[in-house]
Amino acid sequence: MAEPELTRSGAAGPELTESGAAEAEPTRSGVTEPARLAVRKTYKLYIGGAFPRSESGRSYPVTSSEGDFLANASKASRKDARDAVTAARKAFGGWSGATPYNRGQILYRVAEMLESRRAQFAAELAATGTADPGRVVDAAVDRLVWYAGWSDKIAAVAGSANPVAGPYFNLSSPEPTGVVAVVAPDEPLLGLVSTVAPVIVTGNTCVVIASERAPLPSITLAEVLATSDLPGGVVNVLTGSVREIAPWLAAHMDVNAIDLAGVADEGLAVACEEAAAENLKRVLRPAGAADWFADPGTRRLTAFLETKTVWHPTAV
Amino acid sequence: MFEYAPAPESRDVVGIRPSYGLFIDGEFVDGTGTPFKTVNPASEEVLAEVATASPDDVDRAVRAARKAFGGWSALPGSERAKYLFRIARIIQERSRELAVLESLDNGKPIRESRDVDLPLVAAHFFYYAGWADKLGYAGYGADPRPVGVAGQVIPWNFPLLMLAWKIAPALACGNTVVLKPAETTPLTALLFAEICRQADLPPGVVNIVTGAGETGAAVVNHPDVDKVAFTGSTEVGRQIARSVAGSGKKVTLELGGKAANIVFEDAALDQAVEGIVNGIFFNQGHVCCAGSRLLVQESIEAELLDALKRRLGTLRLGDPLDKNTDIGAINSAAQLARIRELSDLGEAEGAERWSPPCALPDKGFWFPPTIFTGVAQSHRIAREEVFGPVLSVLTFRTPAEAVEKANNTPFGLSAGVWTEKGSRILWMASKLRAGVVWANTFNRFDPTSPFGGYKESGYGREGGRHGLEAYLDV
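Chains L and B, in that order, give the protein sequences.
Numbering (our numbering) for the first sequence: 24 to 339.
Numbering (our numbering) for the second sequence: -1 to 472.
None of these hints come from the bench; they were simulated from the model.
Ideal Cβ placement from N, Cα and C applies to all residues, glycine included.
Among the hints, a few may not be true.
Claimed, not checked - Heads up, incomplete: computed chain B residues facing chain L, CB under 7 Å, no partners named:
1. R240
2. V434
3. V435
4. G462
Please model the entire structure based on the sequences and the hints provided.
Given below as structure tokens:
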């Protein structure tokens, strides 16, 4: 039997410095002393608060920017995508019915949990070739905190009391549109956080296709979500082929909106827009070369909000 | 009992020309398509011949709008506002003429075109006139820019009102427009074109192209149209969403509905009956947000139906120009056929059909106010938009069941709730997946108030501050 190969311990190993850079690889300490074999992480999907493998049994290898093998990521199937939509729909009632204060608290909790795993994310990002990974993690944490604060303010900005010409009370308030499919940009942490946070802080639930090239930080983010009081099903993370999964979600009749941020291929974007027309999904078009560090404004918040206007007579 | 004497409004206030052209770049011009005839649906009398805009004509209109865009968008908002105020004033001054023409071409009762449509049309222009010089305060940035050329396609149920919903915010924001009215109701849009000339609106800012679906498709698909606004059927809305995929055009769609009008046992019954009648029989039920599904709490079903049937017996159907008419003509032979088909199907599927004794005129397109009881949620009359004076009655026992049934539709435009209990109103309003919830009232509209659908009733909002977003580059 071949001697076990000593490898980089993946991104999650303990031998990482605060800055996120991996320390020198463990070296063989001699033939007589057996080296410790690292316990690798199996990266799975995140659906309904659980971490299943793809029902299809498929996976695909994820490599570092230098071409080293990092892990086998689950390759989600159409059934996985459907399960994720079912989970998101099931979670919608509770999550949209939670108070904005509660949702804000939970988003802030996500930021806390992310901050506490800063080193791990920096290391994972470094492995994908991200320059200045520490800055990316900081920006992701700060973005979550920023959106957390929007939870109980967006209604004041996007709603209105309408002075109609008659004896009626008339109020327009924003409400979540429902289940949102998000094709996350190829920026595995900041891009994911920047597209998912505005969707869920307003009360939507979502199914996210993580960066295909670098899915590992996205699944690690799912671990953060799972331990952040976020109800299961509010965010569901699929890894695999964007080209395969995105059209299924775009055509799914129980998905209310789709964010095509991460669709770089124009032909695929058009196909998704066409499929989305079937049940008149709200479509947020690809952002192009977006600067995910820039101030996002309220556009991604309002894109997934409906406006409900309620009338009642005021005459006695 | 007393009988009503006929009280017809005079047609003399309207001069209808034998034929109409397109309105492009401030001029009436011939269309190159085959002209069509527009008829009075109450009598089948041909009112006029109207030009069909071919794709070439649409192209001319879009080019005129593009040419006018530079100057119009560069005008100070305060100047654009004055044009809109002028238009609003002229609409008020000519409101009787517009109302009569609307009733002639559409078949809706003069009582409605005169007392509902026209005041709202003028109000929309007044409302958005005031926004033109205040856009920086609307919450879309300090200096929001117009989108460009707006291609707008509107339906036949509220021809002038839908024109106002589309044109007023577009112009206020600095866009120019190419609007296609429905082929069965083009006349008031063409009269509006004349009003634009009276107001000295710069040529090309508003262009009106008439024709059927092909003309509409040419407007929507024109590569130099930056924004598409459509009100109409969900099916056409779907086609439009598909056809603009990948074009980068901004789109708003105002589509069909299958609204639940939910009556609880503690509701003020007489008011609820009025609301149900207004909800489904207003404008012959040709209303996308019509309350076409009555959900009544089981305990009061019999009592409510008795009261409703009694009330229906007092509705007067007939000459749309008669000031005492409650129910006018169905807009077209095609729509009448659709209403008949779905109603026959309702019976075939086992629902029970009822109409008050109601003599229908010999000529024209007519359908009596109709109620179906014993309707199941699976019946097509409970699922599809009939777009006619046909009410399906279903029952429920608990508020949760009412919500479940009300939301059990791909549509989500509007809903009604009737109860004297405030907390129940607010609970229901928060659970109903619809863009408008009318509590203890129905079919209320106001330019200050955003309107639009959830789910397959379309996207975007018209009216209010929200209505500006569709016409601004945000």
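Hint check:
no., hint, verdict
1, R240, "holds, 4 Å"
2, V434, "holds, 5 Å"
3, V435, "holds, 5 Å"
4, G462, "holds, 6 Å"
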